[in-house]
Amino acid sequence: MVRPVHRRPGQSRKAQYSLFAAYVIAVTGAVAGLLLAILSVVDPVGFAQLRVASQEITAPVARVSRSVIGSISGIDDSVGAYVSAGSQNRRLRSELADTRRELVATSTLQEENRQLKALLKLQETDKTALANGYLLTSTSTSSKRIALLSIGRNLGVAAGQPVRGADGLIGRVLGSGPSVSQVLLLTDIDNIVPVRRARDGLPALAYGRGNGDLDIRTLNIANNPFKPGDILVTSGTGGLYPPNIPVAIVVRRQDDGALARPLADPGKVDAVSVLRPYTPDNIEAQPAPAPPPLAPAGAAP
Amino acid sequence: MNNRAAPRLGEPASLWRMRIVPVATVMLASALPLMLPLVANSPVLPPLGLLFFLCWQLLRTEMWPVWIGLPLGLWDDLFSGQPIGTAIGLWTLASIAIHYSSQRIYWRGFLHDWAIAALLIANIQSLAALIVHPDAATGRVLGLVVPQIIISALLVPLFMRLTGKFDNFRLKRR
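Top to bottom, those sequences are chains P and B. Numbering-wise (the numbering used here), the first sequence opens with residue 1338 and increments by one. Numbering-wise (the numbering used here), the second sequence opens with residue 1014 and increments by one.
Any given hint could be a false lead.
[Unchecked claim] List of simulated lysine to any residue pairs, SDA-like, C-alpha gap at most 20 Å: (1) Lys1564(P) / Leu1539(P); (2) Lys1185(B) / Leu1058(B); (3) Lys1605(P) / Ala1503(P); (4) Lys1351(P) / Met1076(B); (5) Lys1178(B) / Ala1026(B); (6) Lys1605(P) / Ser1421(P); (7) Lys1351(P) / Glu1075(B); (8) Lys1564(P) / Arg1554(P); (9) Lys1605(P) / Lys1185(B); (10) Lys1178(B) / Ala1037(B); (11) Lys1605(P) / Pro1084(B); (12) Lys1178(B) / Met1040(B); (13) Lys1564(P) / Arg1598(P); (14) Lys1178(B) / Leu1168(B); (15) Lys1605(P) / Ser1402(P); (16) Lys1185(B) / Ala1037(B); (17) Lys1605(P) / Arg1546(P); (18) Lys1351(P) / Pro1078(B); (19) Lys1605(P) / Ser1055(B); (20) Lys1605(P) / Leu1168(B).
[Said to hold, decoys possible] Which residues of chain P face chain B? A few of them, derived with a C-beta cut under 8 Å, are: (21) Leu1371; (22) Asn1469; (23) Ile1483; (24) Ile1488; (25) Leu1492.
Hints in this document: simulated from the structure, not taken from any laboratory. Source: prediction; values computed, not measured. We treat Cβ as the ideally placed atom computed from N, Cα and C, and that holds for glycine.
The whole structure should be built from the sequences, with the hints applied where relevant.
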């Protein structure tokens, strides 16, 4: 606090009016701003381009700082790895032996599966990624979970495309600029992903909690079938996310479902792939590029 | 001819520096979180731009007109991930509140400043979170921003100091 100031402008009419005008501008501006905010919550597409354009400014700095510092969130992991190297090595070797045995068993199953699929004349959908990039940075001061992807329209990234890491689903593209794009992370409160349990195909919905975890709710409320350790994968229901991308692992049961942790941590994932949205025209375009089916444009939620 | 390198007696500080330094610190602090290679799972960083904005106004209430929250809030909205308009509205309301409090509490002390800043940050961050997630449960949304609000409230004295340093630089005579 410097010195108490005289807000009252005294007898000067001009000073009185300019102070009054400042307040009028401030109040109308504040009201207009809040209306604008409510409008852009209702219709988020309208201002997306403006925001992406401004993030093109910070993206070069984020690229440089990422290459210099690396990802800040990985530091705790690399320190922990040194501390527990010995016991980890033993554990990993026993795990490797187990996995080899399972791999042999699975490879026979895979072969059988291939033959059965050939019998059914099932077409494999195109699972190759549209483009690969990495997550630069994220909105870490807001309750909205949006990350910045290092690639944009220059590599064909567009709004509505799913994004996945090696371990599992990351989110979906919200908007794309010339060289960066925004990704709405899986854990955002507004992100709902249709999933199914990998073991038996039990359908459920994954709701973001906004703090890094997910709420899993079943579609039938009668009983709560989840157990800790259940793996959930995307079901492909409703389009957008292709089926069988790993999503989360159940941590504990709750009253109305389960609490799950995403399998891919966006803070630690290195590279991510942008996939084609799982819409009817994309699925059917693969076997025969014949007349495009009349798919509704807004198949994605 | 006098020596240009030496400061002259009674010479005012550079007008450009006096105007640009406060605005530049707020704008840089707003954009900084998007320049760090940090992909956060929850709102972990304090709202740096808002902290500087409030500290400047508490330190120098007369420096800015009351509508300064409109342009600075727009800039913050572009980078914070909030829908555009949130900070425009809330920051301007905050600066009206600070101007009002500077009339009510004539000699504000350090504790007054701290309390006002903490109260405003708590209100702005909770309202902003509620505006972004209108459909989610209110308790959950507020629970999300409570840690951030506590951290920000504890950081207010530090930011007050930083703002003071910048203020000294702003008013330094050559």
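Find the hints from earlier in the document that the structure breaks and name them by number, from lowest to highest. Hints 2, 9, 11, 20, 22, 24, 25 not satisfied by this model.
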